[in-house]
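**Student:** The chain contents come next:
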Amino acid sequence: MTDTPTTTRRGFIRAGIAAGGALAAAGTAAGTAARAGTPDPLITEVQDWASGFGDPVDATPYGMPIEFESHVVRRNVEWLTESPVSSINFTPIHALEGTITPQGCAFERHHSGAIELAKPDYRLMVNGLVDRPLVFTFEDLLRFPRHITTAFCECAANGGMEWGGAQLEGCQFTQGMIHNMEYTGVRLRDILAEAGVQAAGKWVYAEGADASSNGRSIPLEKALDDVMVALFANGEALRKEHGYPVRLVVPGWEGNMWVKWLRRVAVYDQAVESREETSKYTDLMADGTARKWTWVMDAKSVITSPSPQVPIRHGRGPLVISGLAWSGLGRIVRVDVSRDGGASWESARISGEALPKALTRFHLDIDWDGSEMLLQSRAIDETGYVQPNKDALRAIRGVNNVYHNNAIQTWWVKPDGEVENVEIA
Amino acid sequence: MSRSPETLLAGALALMISAGGGVAEPLGLGRAALPEEIAAWDVAVLPDGTGLRPGSGDVATGEEVFAEQCAACHGEFAEGIDSWPALAGGIDSLTDPRPVKTVGSYWPHLSTVWDYVHRSMPFGGAQTLSVDDTYAITAYILYSNGLVEDDFVLSDANFLEVVLPNHAGFVVDDREATEYPLFRAEPCMSDCRWPATVTKRAVDLNVTPEDPDGRPAGTIPAITLAAAGGAAAPEAAAAEPAAPAGPDPALVAAGEAAFKKCAACHKVGEGAKDGTGPALNAMVGAPAGAVEGFRYSKPLLEAAAAGLVWDEASLDAFLENPKGFMKGTKMAFAGLKKPEERAAIIAYLQSLGP
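Quick mapping for you: the protein sequence lines, in order, are chains A and B.
With this note's numbering as the guide, the letters of the first sequence map in order to residues 1 to 425.
With this note's numbering as the guide, the letters of the second sequence map in order to residues 1 to 354.
Everything labelled a hint here was simulated from the structure, so no lab data went into it.
One should not assume that every hint holds.
Keeping only pairs whose Cα atoms sit at most 30 Å apart, straight-line, the calculated BS3-like set for lysine-lysine is [said to hold, decoys possible]:
#1 A/K240 <-> B/K267
#2 A/K119 <-> A/K240
#3 B/K337 <-> A/K240
#4 A/K240 <-> B/K298
#5 A/K119 <-> A/K222
#6 B/K298 <-> B/K267
#7 B/K260 <-> A/K280
#8 A/K119 <-> B/K261
#9 A/K280 <-> B/K200
#10 B/K298 <-> A/K119
To spell it out: a stretch of chain A is covered by chain B in this simulated footprint if at least three of its residues, at any positions, have a beta carbon under 8 Å from a beta carbon of chain B; those stretches are [as the list claims (entries may be wrong)]:
#11 99-108
#12 165-171
#13 295-304
All C-beta atoms in this analysis are idealised placements derived from N, C-alpha and C, irrespective of residue type, glycine included.
Take these sequences, add in the hints, and give me the full structure.
**Tutor:** Here it is, written out as structure tokens:
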């Protein structure tokens, strides 16, 4: 791909001339040429869309993004897994802005495929150390007090391919096992109160209706705190791939615990130590021991633009650096950006509201002089935790940890605007 | 519904940890879960043996069941085929550059094995193993790891006597003590380090999915080039050859999508190699067991010798219920219940050349 940038850039300049003055402000060779060009026919000539009709209402009873955005899709990395029904794909975070992830392009992780479970067939059982083992229908869940919460869901393995070194080109692949939605549903504690948790109950075990069941143990304290049994996401029903009709939302904690197609919540006096919390989702340390119950997702950030899938095409001048930050321990209070690989830092703007345990957008507006940059961002949360660099994490955990890689990402921005995923020393 | 003291206690706890959040009074929603229902759904087995069902299984039976139900992915000796999980071996490898995490080398509890095999295996046919077969498979996995002798019988009575080698290998998350104090220092803002140099580049590994132009998949198109791409589309359509007579293209497309369920084991297309299952090019109308070099099950070879041909009818019956159609097949897949899905997959297979 080394010769691609040249070709693309030439095409870009040609097109720039044809399209007229859109780039004039950039002050590049292309911009200058465009400024000296002929009037833009898109402006001087009446276009079809400015004269005839567009689509009538109802052309698409449920709309999809316009065809020009067809590159903004979930993508997978086929060599990662043996089977597409027990696999993962990645959110196109490089192409999204703001903080809410549309369901249709939010990453999927299934352990035995996304099942089709209709509301009439839905049952939720609550049993174990409770006074009254109960069964709820979907209709029953709609009659509980309803709450709203916005939360990020990040796979514990997000960035797991990058422990040993820079491996994948683009934040979709290096940080894209994450999404952020506004959920509406029922507090788990309200459902548990219905059944009556007994004094001996210390853990809640949640499992799904799919073949994998993906059961996870959650300490009762968390279950009674902010865990939600979600029925809606981003204002509509959960999509099939996100657990329709009911999923668990466990704010700030690893995505594997957000059990989809939730069918049973059981109260026990101990952790079940299921497959997903022993053989997987445990963090192997350099000395051969492993950490278990590593639920919290520590503070992390990434610059989504520019990034390898979003090269700078406008040349020097005003450049918007845009990124995401999040913390499983609370709110993001500050994000710093470095252009020189961490030698010096400046604080970015937090755009919009910084909600606890939710994606937070940051922007930094710079005047790029066209020189090389080693771009980094670091998140700081309300507990004072500062996102570490990869060497600091490796010094503690080694390189076979797999999970919970929240290290600072480095993008190498070259003078031609192309961007690479690199490690530095 | 009366509120027990325990309920009040739990409610009080909820109140303590959720400042401002109200404590719910029971609303009387839901209905009592019946014992039969709880028995059907609460199949979890806990480390102390809670939930374990009465029964037993020996290594020899386990070897047979494993060969039929598990070996297609996990290998005859539980060594794991391709990237499917290895269940045996890897002992003392946890500090190696490439650790092998198996039941013998990594898993802390035998209950996890029993629970997961019984609840979620075999892949594509979960909840079809009997209690005794689950004990037998678990016993065989222990044997494959060299942890028991070949005459070992595992049962609910001796289950808790088995302690896995890495039982003590886990520590509860200690980041709060080992990491947070380090990472809560005031961060440096200037002159923080020597000028950085690039030491590793992802492009050198070249493992990222790519767009047709060689850029990382999903690269944002240049805004001015996007229009040019749109104009080129009709050209590409015109270049398409006239469709040859064959299966309905819509059905083929549906079959290609449905084939994802098969693709883990069966490869198709140019240069497709045998995987866990044989490659499936040009197989519709061909005699059964005809892919050279693939190690078919004995029943399939016998059927092939008796003249079985994979025509639409036989494929349909096989795909609906693999084990019903051919007892002893290596295909662990549970089958496709929907006739239209089977028809689509058969159409897709018909569309594949040699």
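**Student:** All hints, please: hold or fail.
**Tutor:** Each hint, compared with the structure:
Restraint check for A/K240 and B/K267: the C-alpha separation of about 27 Å stays at or below 30 Å, so the hint holds. Proximity of A/K119 to A/K240 is assessed by CA-CA distance (about 12 Å); at most 30 Å being required, the pair is judged to hold. The straight-line distance between the Cα atoms of B/K337 and A/K240 is roughly 20 Å, inside the 30 Å bound, and the hint therefore holds. Only pairs whose Cα atoms come within 30 Å are accepted, and A/K240 paired with B/K298 is rejected, the gap being roughly 40 Å.
Under the criterion of a C-alpha separation no larger than 30 Å, the hint pairing A/K119 with A/K222 is consistent with the structure, at around 27 Å. Note on B/K298 and B/K267: the hinted pairing holds, with a Cα-Cα distance of about 22 Å set against a maximum of 30 Å. At most 30 Å may separate the alpha-carbon atoms for a hinted pair to count; B/K260 and A/K280 meet this at roughly 24 Å. Straight-line distance between C-alpha atoms of A/K119 and B/K261 comes to about 25 Å, which keeps the hinted pair within the 30 Å bound.
Using a Cα cut-off of 30 Å, the hinted pair A/K280 and B/K200 holds, with the two alpha carbons roughly 28 Å apart. Annotation: proposed proximity of B/K298 to A/K119 is violated, straight-line Cα distance about 44 Å (limit 30 Å). Closer than 8 Å: that is the beta-carbon criterion, and the stretch 99-108 of chain A has 0 residues meeting it against chain B, so the requirement of 3 is violated. Against chain B, the stretch 165-171 of chain A contributes 6 residues with a C-beta closer than 8 Å to a partner C-beta. That satisfies the three-residue criterion, and the hint holds.
With 3 residues having a Cβ less than 8 Å from any Cβ of chain B, the stretch 295-304 of chain A passes the three-residue criterion, so the hint holds.
In summary, the structure is inconsistent with hints 4, 10 and 11 from the numbered list given earlier, while agreeing with the others.
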